[in-house]
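*Asks:* Residue numbers (the numbering used here), protein chains in the order written: chain A, 1 to 118; chain B, 1 to 402; chain C, 1 to 178; chain D, 1 to 102.
These aren't lab readings, by the way, just hints derived from the structure by calculation.
Careful, some of the hints might be misleading.
[Said to hold, decoys possible] Dumping the calculated DSSO-like pairs for lysine-lysine here, alpha-carbon to alpha-carbon at most 27 Å:
hint, chain 1, residue 1, chain 2, residue 2
1, D, Lys90, A, Lys33
2, A, Lys33, B, Lys100
3, A, Lys112, A, Lys33
4, B, Lys327, A, Lys33
5, A, Lys33, B, Lys160
6, B, Lys160, D, Lys90
7, A, Lys33, B, Lys16
8, A, Lys57, B, Lys86
9, B, Lys58, B, Lys100
10, B, Lys327, A, Lys112
[As the list claims (entries may be wrong)] Among chain A residues calculated to face chain D with C-beta under 8 Å, some are:
hint, residue
11, Ile37
12, Leu68
13, Ile69
14, Val72
15, Val107
16, Tyr108
[What the hints assert, rightly or not] Pair by pair, the computed Cβ-Cβ distance ranges are:
hint, chain 1, residue 1, chain 2, residue 2, range
17, C, Arg26, A, Asp85, 52 to 60 Å
18, A, Leu100, B, Lys377, 23 to 31 Å
19, B, Leu289, C, Gln5, 35 to 43 Å
20, A, Phe28, B, Ala285, 30 to 38 Å
21, C, Gln5, B, Asn70, 51 to 59 Å
22, C, Ile109, B, Ala285, 35 to 43 Å
23, C, Ala13, B, Val356, 51 to 59 Å
24, B, Ala297, A, Val17, 42 to 50 Å
Glycine residues also receive a C-beta, built at the ideal position from the N, C-alpha and C atoms.
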Amino acid sequence: MLDNWLFIGLFVLIAAVFPATPILINYFIIPRKPNSIKQDTYECGVETVGETWVQFKVQYYIYALVFLIFDVETIFLYPWAVAFDQLAFFAVVEGVIFILILGAGLVYAWRKGALEWS
Amino acid sequence: MEIWDQLGEWLANLIKTILGALNLPLDWNIVVLKLIGVVTVATFGLLLVILLTWIERKVAARFQDRFGPNRAGPFGLLQAIADMIKLITKEDITPSGADKIAFNIAPILGVVSVLLIWAVIPFSSVWFGTEINVGVLYIAAVGSFGVISILMAGWSSNNKYALLGAFRSVAQLVSYEVPLFLTLLVPVLLGRTMGVNGIVKAQDTWFVILAPLPALIFFISSLAEIGRTPFDLLEAESEIVAGFHIEYSGMKYAMFMAGEFLHAFTIAVLTAILFFGGWQGPGAAEFPLLGLIYLFAKSFVFYFLVIWIRTTLPRVRIDHMLAFNWKFLTPLSLVLLMVTALLEKAFEADALRIPVLFGANLLVLIITVQILRIVSKRQQRELKTFEPRPVAVPPPAEEVSA
Amino acid sequence: MTALQVIFLATAAMILFSAWMVVTRRNLVHAALYLVLTLFGVAVLFVLLEATFLAVVQVLIYIGAIAILMIFAIMLTRRVASDDTVVANHNAGWAAMLAVLVFSSLVIIMGAWSQFTTFASPLTRPGVPSNELGQEIVAELGQSLVDPDAYVIPFEVASVLLLAALIGAIVVAWQKDK
Amino acid sequence: MIPLSWYLILAAGLFSVGLYGVLSRKNAVGILMGIELMLNAANINLVAFWRYVDSDSIAGQAFAIIVFAVAAAEVAVGLALVISVYRLRKTVAADEIDMLKW
Numbered sequence: 001m002l003d004n005w006l007f008i009g010l011f012v013l014i015a016a017v018f019p020a021t022p023i024l025i026n027y028f029i030i031p032r033k034p035n036s037i038k039q040d041t042y043e044c045g046v047e048t049v050g051e052t053w054v055q056f057k058v059q060y061y062i063y064a065l066v067f068l069i070f071d072v073e074t075i076f077l078y079p080w081a082v083a084f085d086q087l088a089f090f091a092v093v094e095g096v097i098f099i100l101i102l103g104a105g106l107v108y109a110w111r112k113g114a115l116e117w118s
Numbered sequence: 001m002e003i004w005d006q007l008g009e010w011l012a013n014l015i016k017t018i019l020g021a022l023n024l025p026l027d028w029n030i031v032v033l034k035l036i037g038v039v040t041v042a043t044f045g046l047l048l049v050i051l052l053t054w055i056e057r058k059v060a061a062r063f064q065d066r067f068g069p070n071r072a073g074p075f076g077l078l079q080a081i082a083d084m085i086k087l088i089t090k091e092d093i094t095p096s097g098a099d100k101i102a103f104n105i106a107p108i109l110g111v112v113s114v115l116l117i118w119a120v121i122p123f124s125s126v127w128f129g130t131e132i133n134v135g136v137l138y139i140a141a142v143g144s145f146g147v148i149s150i151l152m153a154g155w156s157s158n159n160k161y162a163l164l165g166a167f168r169s170v171a172q173l174v175s176y177e178v179p180l181f182l183t184l185l186v187p188v189l190l191g192r193t194m195g196v197n198g199i200v201k202a203q204d205t206w207f208v209i210l211a212p213l214p215a216l217i218f219f220i221s222s223l224a225e226i227g228r229t230p231f232d233l234l235e236a237e238s239e240i241v242a243g244f245h246i247e248y249s250g251m252k253y254a255m256f257m258a259g260e261f262l263h264a265f266t267i268a269v270l271t272a273i274l275f276f277g278g279w280q281g282p283g284a285a286e287f288p289l290l291g292l293i294y295l296f297a298k299s300f301v302f303y304f305l306v307i308w309i310r311t312t313l314p315r316v317r318i319d320h321m322l323a324f325n326w327k328f329l330t331p332l333s334l335v336l337l338m339v340t341a342l343l344e345k346a347f348e349a350d351a352l353r354i355p356v357l358f359g360a361n362l363l364v365l366i367i368t369v370q371i372l373r374i375v376s377k378r379q380q381r382e383l384k385t386f387e388p389r390p391v392a393v394p395p396p397a398e399e400v401s402a
Numbered sequence: 001m002t003a004l005q006v007i008f009l010a011t012a013a014m015i016l017f018s019a020w021m022v023v024t025r026r027n028l029v030h031a032a033l034y035l036v037l038t039l040f041g042v043a044v045l046f047v048l049l050e051a052t053f054l055a056v057v058q059v060l061i062y063i064g065a066i067a068i069l070m071i072f073a074i075m076l077t078r079r080v081a082s083d084d085t086v087v088a089n090h091n092a093g094w095a096a097m098l099a100v101l102v103f104s105s106l107v108i109i110m111g112a113w114s115q116f117t118t119f120a121s122p123l124t125r126p127g128v129p130s131n132e133l134g135q136e137i138v139a140e141l142g143q144s145l146v147d148p149d150a151y152v153i154p155f156e157v158a159s160v161l162l163l164a165a166l167i168g169a170i171v172v173a174w175q176k177d178k
Numbered sequence: 001m002i003p004l005s006w007y008l009i010l011a012a013g014l015f016s017v018g019l020y021g022v023l024s025r026k027n028a029v030g031i032l033m034g035i036e037l038m039l040n041a042a043n044i045n046l047v048a049f050w051r052y053v054d055s056d057s058i059a060g061q062a063f064a065i066i067v068f069a070v071a072a073a074e075v076a077v078g079l080a081l082v083i084s085v086y087r088l089r090k091t092v093a094a095d096e097i098d099m100l101k102w
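Build the full structure now, drawing on both the sequences and the hints.
*Replies:* Put into C-alpha cells, the structure is as follows:
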C-alpha cells in the first residue's frame, strides 16, 4: 500500500519542481530595471492610500464556517458510502438521519439570514 | 494494439535491465521506476497545457466569429510556444512591500494543486499513475492547496484589490466545494469504492444514467471551482481589477494561467471519469489504447462545453452566485444524496434499480422546477407591489450643451 | 537507516520546526501558513502509519477548512494582529518551563511502558489481499460508524455537536449590518 | 522500521510546543492555533497506537475521526468568539479581555 503513496510523494516533489524551473530560468535571464513607480502597488492607477488592510465583512467568515461544518460532516459519510454493500437498511437510515441533522444546520443558517450577501 | 503493449513491456524491461546493471539496492529500483512514472504523467499534464491554450483560443475565437491565432505556424499552433518565449523573457515585477517568500511560492502551489490530481487519473484499464483506495477524497483534498495558494497570493501582494479578490475567490471556492463534495459522494456510493479506477470499473452502466442530477451539479460546481465565466468573480476585471493575481507578471502570472487551463481540462476529465464511464467503452478492457482514446474523446466533449459556457454566458452577480449555491445546489444535492442512498439500498441487486434511480432523479427535477416556479411567481408578485420606477427624465437642455 | 526512517525524521523535523514557528512568529498570517505546513507534515505521518483515509481527511479538513477559517479570522481582526507588540505575554518564561516539564514527564512515563519501543506487525485482514487492504479498512470504519454495537452514538452525537457548533458560531459571530 | 517510541516522542514534542503556544501567546487566534497543535499531537498518538498495538480493530481510526469533528467545532466557535470580542472591544489580546471580573 505504501508503494502507491511513494508515487504520490514523488509526485508532490516533481509537481513542485516543474513549475519552479521556468520561474528559476526566468529569474536568471530576465532584464531587471526596477524603479519605484514600476514596483508601486497597482490600484487602478490611483495612489494607494493607507495600509493594505481593509475592514472585511464578517460574511466571509460565515461562509467558511458553514463550509467547515459541512466538510466535516461529509467526511463521516464517505466511509459509510464505501461500506454500503455491508450495511443493513437500518444503517442506511442512520446515515440519512445524519444528513437530515446536517440539513437542519443549513435551514437554520438560511432562516437566520446568515447566507445573504449584503 | 498488440504493438503498444509489447512496446510498453519492452520499455519496462529495458529500464529494469539498466537499473539491474547499475547494481542499486532493491528499494531504490522501485523509487526510480516510480520516478519515471511520475515524470511521465507530470510532463504529459504540463505539455497538455500548451495544447489546451491553443484549443481554447481557437474555439473561443470561433464562438466570437474570429479566426483566433493563425500566424505562428500552421493553424497558429506555434502561438503557445511564442507566448512561452515571450513570458519567459519578460521582466518580473515584485511589488514593494510584498511578502517575498509567500509571493513566490503561491504560483507554484497553484500549479501543484491541479497537477496532483493527475496522479490518480486512470487513463485506461491498465495505465494510470497510481491507484490509491481514497482517490476521490484525494482529489478533493489537493484542491485545498489551491485555496491556500490564492490566499497566499492575495495576502502577499500587499494590494487591497488582490486581498479583496483573494477573499472573494476563497468565499466562492469554499462555498461551491460543499455541493461538490456532496455530489462526489454519489459515485462513491454507487461504486462502493473511493478508488478512481474502481469507480470507472464499476460503471457498466454509466453513473450519469443512475444519477443525472448529481452529474449536473458536479459539473456546475466544478465550473465554479475553476473560476471561469459565469463564475469568474475572482477575476471580474471590471470590479476588482484582476483579482488575487493582479500584482503578478511574467512567468509567475503564466503559472497561475497554466494552472487554470489545466484545471479546466481536469474537471472535464473528472466528469468523464466519475459519471461517464471514463475509459469504459466497447473493447476498452482488451485494448488499453482504445480506453485512452475513449477517455480523451469524452473529456474533450466536456472541455468544449466548458469553453462554450465561458464564451456565451455573462458573469453572475456575487450575491446571486452565492445564493445559487447555498439555496439551490446545496439543498438539492442533500436531497439527491438521501434519495440515492435509500433507493440504492431498497433496490439493491434488483432489475428495477436503474429505471427507479433514473425515475427518482426525474421526479426530484420536476419537483424542483415546480418549487422554483412557485418561488419566482411569488417574487414577481412582490416586485409588482413596488411603486413604479421613475421614468428617465431627459436632462435640461443647458446641461446637455455643457 | 532505511528509507522510511529517513522520511520519518525529515517529516518530524519539519513538523517541530514549523510548529515552533507557529507559536513564535510575530506575524499571525505567517504563523497560520506555518500551521498549514505542520498539519501537512502530520498528514504525511498518517500515510506512514498506513491510515491513508485519515491522511487525506487531515489535508481536507485542517488545510482546506480550518486553516482558511483561521486566516479569515486573522484578517477580520487584523488591526491588532499586525501590531508590533510583543508576541508573548508575561507568562512566556513559566510557559516554556511548563512545556519542557510536560515533555520530559511524558517521555519518562511512556518510557517506563513495556511496549514503548515495539515495532508494527504488518497490517492484515483475514482473507483480504494486500492491494485491497485500504479499501477494506475504510469499509470497516464505515460499518463501525453506523453499527449499534460500535460507534453509532458518537457518530450521531458528532453530527449534533457540529450542528450546535454551527448554530452557536452563527449566533455569536453574525450581526446584521445596521 | 520505525519503533512506536519515535511517534510518541514526536507527539509529545508537538504537544509541548502547542502548550507553550497556548500559554504564551497574547493573541486569541494564536492561542487557538496552539490548541490545534495539541489536538494534532493527540491524533498522532491515537493513530500510532492503532497501528502498533491494536491494528486488528478500527477503534483508533474511529477515535481520530471524532477528534477531527471536535477540533472543527472548537475552531468554529472559538474563532466566532474572537470575532465577536473584537467587534465589542477592538482587541484580540487575551489578557485585555477582562470584562468578566468575577
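*Asks:* Decide, hint by hint, whether the structure agrees.
*Replies:* Quick rundown of the hints versus the structure:
Proximity of D:Lys90 to A:Lys33 is assessed by CA-CA distance (about 43 Å); at most 27 Å being required, the pair is judged violated. Between A:Lys33 and B:Lys100 the CA atoms are separated by roughly 18 Å; this keeps the pair inside 27 Å, and the hint holds. With a C-alpha separation of about 55 Å, the suggested pair A:Lys112 and A:Lys33 falls outside the 27 Å cut-off, and the hint is violated. Taking the CA atoms of B:Lys327 and A:Lys33, the gap is about 51 Å. The hint is violated against a cut of 27 Å.
Between A:Lys33 and B:Lys160 the alpha-carbon distance is near 25 Å, which keeps this suggested pair within the 27 Å criterion. The suggested pairing of B:Lys160 with D:Lys90 holds, with an alpha-carbon distance near 21 Å, which does not exceed 27 Å. Of the supplied pair hints, the one linking A:Lys33 and B:Lys16 is violated, its CA atoms being roughly 50 Å apart against a limit of 27 Å. Between A:Lys57 and B:Lys86 the alpha-carbon distance is near 40 Å, which puts this suggested pair outside the 27 Å criterion.
Among the hinted pairs, B:Lys58 with B:Lys100 is inconsistent with the structure: their alpha-carbon atoms are about 36 Å apart, more than 27 Å. A distance of roughly 13 Å separates the Cα atoms of B:Lys327 and A:Lys112; the hinted pair therefore holds under the 27 Å criterion. Nearest Cβ of chain D to the Cβ of A:Ile37: about 36 Å, over the 8 Å cut. The hint is violated. For A:Leu68, the interface hint holds, the least distance from its beta-carbon to any beta-carbon of chain D being 6 Å, beneath 8 Å.
For A:Ile69, the suggested interface contact is upheld, since its CB lies about 7 Å from the closest CB of chain D, less than 8 Å. For A:Val72, the shortest C-beta to C-beta distance to chain D is roughly 4 Å, which falls under 8 Å, so the interface hint holds. Restraint check, A:Val107 versus chain D: the minimum CB separation of about 18 Å is more than 8 Å; hint violated. Interface hint at A:Tyr108: violated, since its Cβ lies 14 Å from the closest Cβ of chain D, which is beyond the 8 Å cut-off.
At about 53 Å, the CB distance of C:Arg26 to A:Asp85 agrees with the hint of 52 to 60 Å. Taking 23 to 31 Å as the suggested C-beta distance range, the pair A:Leu100 and B:Lys377 conforms, at roughly 28 Å. At roughly 41 Å, the beta-carbon separation of B:Leu289 and C:Gln5 lies within the given 35 to 43 Å, and the hint holds. For A:Phe28 and B:Ala285, the Cβ-Cβ distance of about 49 Å falls outside the hinted range of 30 to 38 Å, so the restraint is violated.
Between C:Gln5 and B:Asn70, the C-beta spacing of about 58 Å keeps the proposed range 51 to 59 Å intact. The hinted range of 35 to 43 Å is not satisfied by C:Ile109 and B:Ala285, whose Cβ atoms lie roughly 57 Å apart. A hinted range of 51 to 59 Å for the beta carbons of C:Ala13 and B:Val356 is consistent with their spacing of about 55 Å. Remark: the range hint 42 to 50 Å for B:Ala297 to A:Val17 is contradicted by a beta-carbon distance near 32 Å.
Violated hints, listed in ascending order, are 1, 3, 4, 7, 8, 9, 11, 15, 16, 20, 22, 24; each of the other numbered hints is respected by the structure.
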